[in-house]
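S.K.: Letter by letter, the chains look like this.
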Amino acid sequence: AQSVTQLGSHVSVSEGALVLLRCNYSSSVPPYLFWYVQYPNQGLQLLLKYTSAATLVKGINGFEAEFKKSETSFHLTKPSAHMSDAAEYFCVVSLSYNTDKLIFGTGTRLQVFP
Amino acid sequence: DVKVTQSSRYLVKRTGEKVFLECVQDMDHENMFWYRQDPGLGLRLIYFSYDVKMKEKGDIPEGYSVSREKKERFSLILESASTNQTSMYLCASSIIPNWDASTDTQYFGPGTRLTVL
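Heads up: the sequence lines are chains P and V, in that order.
This note's numbering numbers the first residue of the first sequence as 4 and each following residue consecutively.
This note's numbering numbers the first residue of the second sequence as -4 and each following residue consecutively.
Rather than coming from a laboratory, the hints here were simulated on the basis of the structure.
You may find that some hints are simply not true.
Stated by the list, open to error - Under the rule of at most 27 Å between Cα atoms (straight-line distance), these lysine-lysine pairs were calculated in the DSS-like manner: (1) P:Lys104 / V:Lys48; (2) P:Lys104 / V:Lys52; (3) P:Lys104 / V:Lys66; (4) P:Lys104 / V:Lys50.
Turn these sequences into a full structure, and let the hints guide you.
M.R.: Shown next as C-alpha cells:
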C-alpha cells in the first residue's frame, strides 16, 4: 500500500532563507508523487509532480523537488522564501498508472517571518 | 482555466439535519471527488465518481452519500449530520486521459467549512 510521511507539521523560516519541506513515501510499485499547496482560505493547487521522467522536478513559484529512490524521498525546496509562500503544503502519492486515487500526507504549514 | 466551485464557503447545521454540499466543475471532467480535511490528518477521500450516476466509496464513506445526476455536478449528502462531521470539505475533478496518468491532475474547489452543532 502507498503512503506518505511529512516530517514536521510546522516549519518556520525567515524571508530570504531556504525552504525545505520533507516527504518520504512508501510504495510497492513505481510511484507518482506530487506536492500540492493550499493558500489561506483557498482550495488546493498543484505545485509540481514527478511521473518517472526527470528526477528533479521544477514547479511553480520557484519550488522544486527531487525524487530519490534510494532514500524514498521527495523533499520540496525553494532557495529563497517569500512572505507569499506562507501556506500549507501536502505531499501526495498515487499509483503510477492512475493518479485518480491520491494518498495525501498530513500537511506541513509553512510560516515565513520578515 | 479549470474552475471548480462549491456552493457555500461556510455552513452551520444542527445535529440530525440533512445537509447537501454542492460542487460544480466547468471543464467537462469525467471524474469528481469529495474529500474531508482535518488538522493533522490531511485529506481523506469520502466518495468519487467516474461518470454520471456512477459512484464508488473512498476511504471514509460512513455517514455520507453522493449524487451525480449531471456530469458537471457532484453532491455530497449527510443524511443526519453529527458533530464528528464538522470539517472542511473539498471537492475535486479530473479527466481520464486514456490512463495517461502523467498528464492528469486533480483540480480542487475552495472548500466548504461545515460546523455541526
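S.K.: Against the structure, test the hints numbered earlier, and report the numbers of the ones violated in rising order.
M.R.: Of the numbered hints, all hold.
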